[in-house]
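Novice: Could you build all of it, start to finish, from the sequences and the hints given here?
Chains A and B supply the protein sequences, listed in that same order.
Take 52 as the starting number for the first sequence in this note's numbering and just add one per residue.
Take 52 as the starting number for the second sequence in this note's numbering and just add one per residue.
Errors might be hidden in some of the hints.
As the list makes no split between identical chains, a pair holds if one copy fits it or if it spans any two.
Simulated pairs of lysine-lysine, DSS-like, Cα-Cα distance not exceeding 25 Å [as the list claims (entries may be wrong)]:
hint : residue 1 : residue 2
1    : Lys-280   : Lys-295
2    : Lys-294   : Lys-279
3    : Lys-141   : Lys-250
4    : Lys-201   : Lys-141
5    : Lys-201   : Lys-279
6    : Lys-280   : Lys-141
7    : Lys-261   : Lys-141
8    : Lys-280   : Lys-294
9    : Lys-141   : Lys-279
10   : Lys-265   : Lys-250
11   : Lys-201   : Lys-280
None of these hints come from the bench; they were simulated from the model.
Protein chains: 2
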Amino acid sequence: MHIVETILNHKSIRSFKPDIIPAEVMNEILAAGSRASTTGNMQVYSVVVTKNQKIKNQLWESHFKQEMVKQAPVVLTFCADFNRFNKWCKVRQAVPGYDNFLSFFTAAIDALLAAQNVAIAAEAHKLGICYLGTTTYMAEKIIDILNLPKFVVPVTTLVVGYPANDPGLTDRLPLHGVIHNETYTDYSTEQIDEIYSEKESMELTRQLLKENNKETLAQVFTDNRYTKKDNVAFSQALLSVLKKQGFMNNEIV
Amino acid sequence: MHIVETILNHKSIRSFKPDIIPAEVMNEILAAGSRASTTGNMQVYSVVVTKNQKIKNQLWESHFKQEMVKQAPVVLTFCADFNRFNKWCKVRQAVPGYDNFLSFFTAAIDALLAAQNVAIAAEAHKLGICYLGTTTYMAEKIIDILNLPKFVVPVTTLVVGYPANDPGLTDRLPLHGVIHNETYTDYSTEQIDEIYSEKESMELTRQLLKENNKETLAQVFTDNRYTKKDNVAFSQALLSVLKKQGFMNNEIV
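Specialist: In structure tokens:
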């Protein structure tokens with residue numbers, strides 16, 4: 052399949068066959084991750100490859116008990132990682148200054164670009180993947196489970212395996228809804244209506260409104276799926292993890 | 052070319068031919084971006100496509116005057132964007148709770164996964180790309196240039212165009228240096244020596260040590276390329292941008 056076709060055909064897979072992923076396939080998709088662009092070629096990320104069922108069960112607890120975490124043959128945790136780089140500096144008579152927020156964010160970018168390379172390479176091998184947003188919500192527990200040292204923070208997770216079903220393509224906003232020409236043009240109410248009209252008229256949306264007893268799809272997001280209360284709690288937790296892992300020394304000393 | 056081959060063959064391109072990118076190619080690579088995974092299918096990112104030379108020149112100033120920003124036919128600024136989603140909520144009788152750090156980071160993940168899809172799709176079309184890490188350092192100026200409203204923060208930039216040269220593959224650490232099995236195994240000094248030995252013995256490294264008058268490659272990073280002083284200044288600037296753009300209300304009110 053042509054490469055862009057593979058990308059355009061992406062579907063998140065949440066149900067997997069028990070089939071093992073051959074070692075050479077696993078190696079190739081991880082190698083694909085390592086070719087992603089990385090700031091200054093520092094490669095300030097790590098990938099933890101978890102196959103052991105006992106550890107996957109612990110991760111499953113952290114990821115809000117989503118069944119796919121137990122079921123997938125492989126769980127990949129992508130981490131912002133300045134630990135390796137810092138250790139290298141220290142044994143090479145260099146004093147690292149990477150204990151700050153900018154360094155965390157730089158390392159997070161490295162980890163996320165590598166993750167998307169792995170996702171596409173996996174799909175090219177007819178594997179299915181799903182990202183777990185719960186990684187940042189539950190970073191502290193994941194740090195415990197995976198023994199992540201200081202200067203390592205998990206930023207996303209991919210479950211990987213052979214798809215047990217074909218969920219079909221998910222809807223997207225029309226392309227012009229997310230693209231701006233030359234500079235940013237803010238959205239008028241009419242434009243918001245137009246951009247969201249297809250999504251709002253879907254059968255899936257009607258079902259969601261009924262199930263959640265809501266008048267609008269936006270309310271399903273604000274009141275049920277991604278609430279301010281949860282977001283604030285997870286913000287505090289994530290900022291506290293960044294501090295604990297050594298990334299919040301943002302003052303010249 | 053097979054998809055994984057394209058990924059494994061990635062090189063950052065910093066010099067471009069003047070050739071224009073055909074509209075249908077541009078459209079296809081941006082569409083590839085929009086198929087990337089996105090948290091809860093919220094698509095909380097935007098891409099600003101800049102071709103106008105005057106605006107590119109302004110961006111060039113912000114991106115540390117890197118020549119490729121002026122020269123590339125297209126500059127793509129990928130933004131964490133909750134503005135569109137918030138506006139949608141407000142006109143649909145929903146109260147958005149996305150003015151916090153977790154929401155920013157969620158939106159940044161969306162933007163970065165989309166960026167990497169665009170990068171790969173561009174390379175599949177024989178275009179070359181380079182990421183600009185300066186985006187987060189200079190976010191405040193880029194916000195001004197591109198008129199980014201509240202709840203929009205630029206997180207990365209791609210310059211895109213037809214390559215004027217072939218810089219060859221960049222070195223990477225051996226794959227086992229960035230991969231951990233089951234859980235994280237911290238690095239011993241012997242392992243650090245082994246992982247970095249190939250990089251340290253490269254001719255490029257010898258040149259860098261000479262040019263920078265340093266004893267170790269690590270010192271080139273800590274003393275010249277990514278200094279603590281710069282990192283702290285850019286950390287403060289980025290955190291202040293997050294606050295200004297509305298993403299640092301992390302307390303329940």
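Novice: Each of the hints needs a verdict: does it hold here or not?
Specialist: Tested hints:
1. Lys-280 <-> Lys-295: both (23 Å within a copy, 21 Å between copies)
2. Lys-294 <-> Lys-279: Both. Shortest intra-copy (22 Å) and inter-copy (17 Å) distances satisfy the 25 Å Cα cut-off.
3. Lys-141 <-> Lys-250: So Lys-141 and Lys-250 pass the 25 Å test across copies only (17 Å; inside, 53 Å).
4. Lys-201 <-> Lys-141: within (15 Å within a copy, 41 Å between copies)
5. Lys-201 <-> Lys-279: between (29 Å within a copy, 18 Å between copies)
6. Lys-280 <-> Lys-141: Result: close only across copies, 18 Å inter versus 42 Å intra.
7. Lys-261 <-> Lys-141: between (59 Å within a copy, 21 Å between copies)
8. Lys-280 <-> Lys-294: Both ways: Lys-280 and Lys-294 sit 22 Å apart in one copy and 19 Å across, limit 25 Å.
9. Lys-141 <-> Lys-279: between (42 Å within a copy, 14 Å between copies)
10. Lys-265 <-> Lys-250: This pair counts as within: shortest intra-copy Cα distance 16 Å, inter-copy 58 Å.
11. Lys-201 <-> Lys-280: Between copies only: 21 Å across chains, 28 Å inside a chain, cut-off 25 Å.
Checked against the numbered hints given earlier, the structure satisfies every one of them.
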